[in-house]
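What follows is the residue order along each chain.
Protein chains: 2
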Amino acid sequence: MEQKIIGWLARSFLDKKIPVGIGLDDAALVDIPKKQILLSCDMLIEGTHFRSKEDPVHIGRKAASVSLSDIAAMGGEPLYLLVSLGLPRRYGFSDARKIFQGIRAALSPYRAKLVGGDTVRSRFVVVDTTIVGYIKEGKVLTRSGARPGDSIFATGCFGDSLRTGWHYRFTPRIKEMEYLRKKIRITSAMDASDGLHASLRTLSQRSGAGFDVACGEIKSRVAKKDFLLAVDSALFDGEDFELVFTGRCPDAVRTARDFEKKFKVPLSVIGKVRKGAGVKFFDRESREVRFENREFRHFTE
Amino acid sequence: MEQKIIGWLARSFLDKKIPVGIGLDDAALVDIPKKQILLSCDMLIEGTHFRSKEDPVHIGRKAASVSLSDIAAMGGEPLYLLVSLGLPRRYGFSDARKIFQGIRAALSPYRAKLVGGDTVRSRFVVVDTTIVGYIKEGKVLTRSGARPGDSIFATGCFGDSLRTGWHYRFTPRIKEMEYLRKKIRITSAMDASDGLHASLRTLSQRSGAGFDVACGEIKSRVAKKDFLLAVDSALFDGEDFELVFTGRCPDAVRTARDFEKKFKVPLSVIGKVRKGAGVKFFDRESREVRFENREFRHFTE
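Note that the protein sequences, when read in sequence, are chains A and B. Quick note on numbering: our numbering labels position 293 of the first sequence as 293, and the sequence is numbered without any gaps. Quick note on numbering: our numbering labels position 273 of the second sequence as 1273, and the sequence is numbered without any gaps.
Be aware that a few hints might be false.
To be verified - Covered stretches of chain A, going by a simulated chain B footprint (3 or more residues, C-beta under 8 Å):
| hint | segment |
| --- | --- |
| 1 | 78–85 |
| 2 | 129–140 |
| 3 | 150–163 |
| 4 | 213–221 |
| 5 | 226–234 |
| 6 | 268–275 |
Calculated from the structure, these hints are not laboratory results. Virtual Cβ for every residue (Gly too), placed ideally from N, Cα, C.
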């Protein structure tokens, strides 16, 4: 079956612009437009990142989108994707092909191409994607540039991603970030794959600055009667794949309105960077609230 | 544990020459010396590619070496490696670290750096490596350039790789290929990961040329009394990770002797490229011999 998949990939994904494309050789040979590239890999595992019975199209779509989201968080453009697949016996050729159809769907809005892969027999489905991107204009966005006085921004909604299936259908914020970089002087950025709380904590720690977060400004994916319950879900559920970033902007209200109009996605100013350290949360009455940290972890020890 | 691994990686593998290195951000940012890069990914799975009880150092060493071998087969130099790890509960921090120590050992003879990774919980060990390389000098070596009249070459010995543990300790032929390219006008090349037979068949098919192979010239890793049994093992056992290539060379005997002296590895001329199609095998008396094709496959459908 491996030869069948490779043959199908070579026919379906071959691109004359790529010097040595997928399925042809020991490695792909590809062109690079600039002298630096972005590199990131993500492993998705059956039972952890998707259900066993999930439609393979959704699995492929998620795998590619998770990688694309990493490039968005760096302020980059995606160029190339490589996919390693571990497939169990119950997966036939048509299921394997569906995974690649999902990958193709996720890549289609961008110029990114599938250029490499490996397929091996496994006891359950494993999908590992590696993405190559680059910074088209401006500087790379790291996690460490937040400065006191910056606003804290977030795209989209948070919480209940797994329950609502959002993690299978989210849009990697590539085009959104390209737009935002022109409107906002972004100082640090990260995607919220492990939850909003983890992103805020990481940006704060890596930047060496304190974050004050207005919980009332965080948009929930699912409306809840209990305010704190909704915020807790937004902070810790994870798998939102939205952008969390800091920066300065002459007219944040107008920028948010324009952004929402253009992308049909909210842009929220959820807080302010201050001197000091740590992330503090405040309710609508500006009283500090504390949450039990239940950040999403793969390892529980 | 994921944070512990990321922290350890960032401390152990951090390199000031890399703009954004491992464990720091959503993606790594790295420099590229030329306008084209080589890309390849390989997935290794517990039970298929290594034993469950195997020393994690060996697993890491093999994973990185398999990727390095792909770059060697293209005539390239390795630059960067990314590693995704799926780890079961029985794997503690020290086991995970051992995998990375094996990776470091495999990379150490080269300038290649570990720049990215992902670590997730899995029911068994999965290691996926993606390598970025480049062509320092000359052209890329593909599988499709063999021409009638070319000699067929192979480095090293074949067969019994799994039984002897060779697949855990093989040397990716990066430096060997760099040397060989200067001595031989190489027309096509491939590494023998799925066995010598699969490599010969693929080079022949992709080049649109026939291959005549002199079985008596193939070097066996383990001596066997039965000639045909030894050749069968060399052709089909797989996991040799030697280079198989075609090309022209003014003095092949001297080149082989010099190569062997320099690298302490044999270089054999195992046949000749002819017009036509297909791979034919001949014994020491130049009689054609046939082998039952048992090429290594991951899927047995």
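Exercise. Provide an ascending list of the numbers of those earlier hints which the structure does not satisfy.
Key: Hints 3, 4, 5, 6 are the ones this structure does not satisfy, whereas the remaining hints hold.
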